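**Q** Since chain D is already given, all that's left is putting chain X on it; use the hints.
So you can see what is in the structure, the chains are spelled out below.
Protein chains: 2
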Amino acid sequence: MASLNKKNVRSYKSASKNTPELILDAAEELMSRRGFHGVSIREIANLAEVHLGSVTYHFGTKENLLEAIYERHAQPMNLRRSDLLAEAARITNLSERLLAIVRAFVVPAFSSQSDVSGGGARFTRVRAILSMEGNEAAQRIIASNFDETSAAFVDAVLECCPRANRSSVVWRCHFLLGSLYYTLVSGERIDRLTHGDSSGADHHRAIDELSHSFAAAFSDLQNNNDTPVTKTEERQT
Amino acid sequence: MASLNKKNVRSYKSASKNTPELILDAAEELMSRRGFHGVSIREIANLAEVHLGSVTYHFGTKENLLEAIYERHAQPMNLRRSDLLAEAARITNLSERLLAIVRAFVVPAFSSQSDVSGGGARFTRVRAILSMEGNEAAQRIIASNFDETSAAFVDAVLECCPRANRSSVVWRCHFLLGSLYYTLVSGERIDRLTHGDSSGADHHRAIDELSHSFAAAFSDLQNNNDTPVTKTEERQT
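Sequences listed follow chains D and X, in order. Each residue of the first sequence is one higher than the one before, counting from 829 in our numbering. Each residue of the second sequence is one higher than the one before, counting from 829 in our numbering.
One chain only, chain D, in its complex shape (with noise of 0.2 Å):
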């Protein structure tokens, strides 16, 4: 595991954050590399360098603490997912705007770990690991904080491709946020089997990459395939 990056932690600081953003950087730092089971109270008190009845103080419990960490990027980010699907959906070629719709999603996600609000590749790794733990906490708080800019990506792709089944494109988005929390918390793979050729760190090559396949990936819905589709699926819109 990466050791724990407190000078991040401490640059915050000089820029005169408050308790409440200090303790909140630590909490988000922590949980991207441990999860929520892993991290301590005592822990992220040690990493903001504040009192341990500070966190208590502020936020109560370590869930109260998740929750704000989602409030402060999901909002910036699912503004900045429906600025680019709104300039995307005025591209009138097909196949480029369903391009740029699976950029919309992706882009955000990668965003430099400076720009703290709206996203970024920490605050994706928390969401990624906390999937991975089965987290109940998260999931009711994802459910409330992405389910509608997600319904929104969906119905932008069903546009691009009206002949695709609705339930094949949610199935199709969620392999693409699997694929996108993999790539940032288990990048070293590529570089081992490209034998250095690519790396897993490149996140310009790897949005690139990321929006090729399902861009394609969503066109295939378009031609008749086998999936098999139930008799409830009629397309919603």
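The reader is advised that the hints may include incorrect statements.
[Unchecked claim] Result set (SDA-like, lysine to any residue): computed pairs, CA atoms no more than 20 Å apart in a straight line:
{"#": "1", "chain 1": "D", "residue 1": "Lys890", "chain 2": "X", "residue 2": "Lys890"}
{"#": "2", "chain 1": "X", "residue 1": "Lys890", "chain 2": "D", "residue 2": "Ile970"}
{"#": "3", "chain 1": "D", "residue 1": "Lys890", "chain 2": "D", "residue 2": "Ala965"}
{"#": "4", "chain 1": "X", "residue 1": "Lys845", "chain 2": "X", "residue 2": "Asn874"}
{"#": "5", "chain 1": "D", "residue 1": "Lys890", "chain 2": "D", "residue 2": "Ala971"}
{"#": "6", "chain 1": "D", "residue 1": "Lys890", "chain 2": "X", "residue 2": "Gly866"}
{"#": "7", "chain 1": "X", "residue 1": "Lys890", "chain 2": "X", "residue 2": "Glu964"}
{"#": "8", "chain 1": "X", "residue 1": "Lys845", "chain 2": "X", "residue 2": "Ala896"}
{"#": "9", "chain 1": "X", "residue 1": "Lys890", "chain 2": "D", "residue 2": "His865"}
{"#": "10", "chain 1": "X", "residue 1": "Lys890", "chain 2": "D", "residue 2": "Arg862"}
{"#": "11", "chain 1": "D", "residue 1": "Lys890", "chain 2": "D", "residue 2": "Asn973"}
{"#": "12", "chain 1": "X", "residue 1": "Lys845", "chain 2": "X", "residue 2": "Ser910"}
{"#": "13", "chain 1": "D", "residue 1": "Lys890", "chain 2": "D", "residue 2": "Arg918"}
{"#": "14", "chain 1": "X", "residue 1": "Lys845", "chain 2": "X", "residue 2": "Leu880"}
{"#": "15", "chain 1": "X", "residue 1": "Lys890", "chain 2": "X", "residue 2": "His879"}
{"#": "16", "chain 1": "D", "residue 1": "Lys890", "chain 2": "X", "residue 2": "His865"}
Read the hints as simulated data drawn from the structure, not as lab findings. No experiment lies behind these values; they were computed from the predicted model shown.
**A** Below, chain X alone, put in the same frame as chain D:
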């Protein structure tokens, strides 16, 4: 988090498994839910209904336990993949062959839990959670157990898509693995976003959607797209 499946472990016991097997079953069950860090040797002993000293006697450390879990699955799982891959290679129609190649990779990962050795959904969940934990022991074990099979898979895809760039195939294989992991640990979002029309727990559907998505993503590499390729990345065979 779902409750622990103590009954599963007990039923193994009644099938007259020996103590090391009982310990491995318990460790696998617990790690598939809480990862490596979230599980103690004591909890493993409790679930297996053996003495703590017995775990230490048979395995020594938690790392050794993890290695033993991989050992009993990796070899049979790789064999199943190789068998399926060899059959796929006999198909003359290239798009049918490509689909069969992807299925050779995906199907063994989804086999039922009762099929204890040779892959299976529970073992795949262990791998998923460990990959998200950034576990170093797991990375080392994965490299020694799976890199060879993954390289064979990449080569098989390249034979169907001779104009594809090798490193792009590696990237997309990585996405396939991420999609597969994410579906097995976090499928409930599919139920929610399809309003119950489809279930993330439907492995048959998961296999079909995954294989069609990634056959499309690999085929896409036959076309010229704008994926940036560095000069050192000449195709390697």
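**Q** Are the hints correct? Go through all of them and say.
**A** Cross-check of the supplied hints:
{"no.": "1", "hint": "D:Lys890 / X:Lys890", "verdict": "27 Å, violated"}
{"no.": "2", "hint": "X:Lys890 / D:Ile970", "verdict": "33 Å, violated"}
{"no.": "3", "hint": "D:Lys890 / D:Ala965", "verdict": "10 Å, holds"}
{"no.": "4", "hint": "X:Lys845 / X:Asn874", "verdict": "16 Å, holds"}
{"no.": "5", "hint": "D:Lys890 / D:Ala971", "verdict": "19 Å, holds"}
{"no.": "6", "hint": "D:Lys890 / X:Gly866", "verdict": "16 Å, holds"}
{"no.": "7", "hint": "X:Lys890 / X:Glu964", "verdict": "13 Å, holds"}
{"no.": "8", "hint": "X:Lys845 / X:Ala896", "verdict": "16 Å, holds"}
{"no.": "9", "hint": "X:Lys890 / D:His865", "verdict": "18 Å, holds"}
{"no.": "10", "hint": "X:Lys890 / D:Arg862", "verdict": "18 Å, holds"}
{"no.": "11", "hint": "D:Lys890 / D:Asn973", "verdict": "18 Å, holds"}
{"no.": "12", "hint": "X:Lys845 / X:Ser910", "verdict": "29 Å, violated"}
{"no.": "13", "hint": "D:Lys890 / D:Arg918", "verdict": "43 Å, violated"}
{"no.": "14", "hint": "X:Lys845 / X:Leu880", "verdict": "18 Å, holds"}
{"no.": "15", "hint": "X:Lys890 / X:His879", "verdict": "15 Å, holds"}
{"no.": "16", "hint": "D:Lys890 / X:His865", "verdict": "18 Å, holds"}
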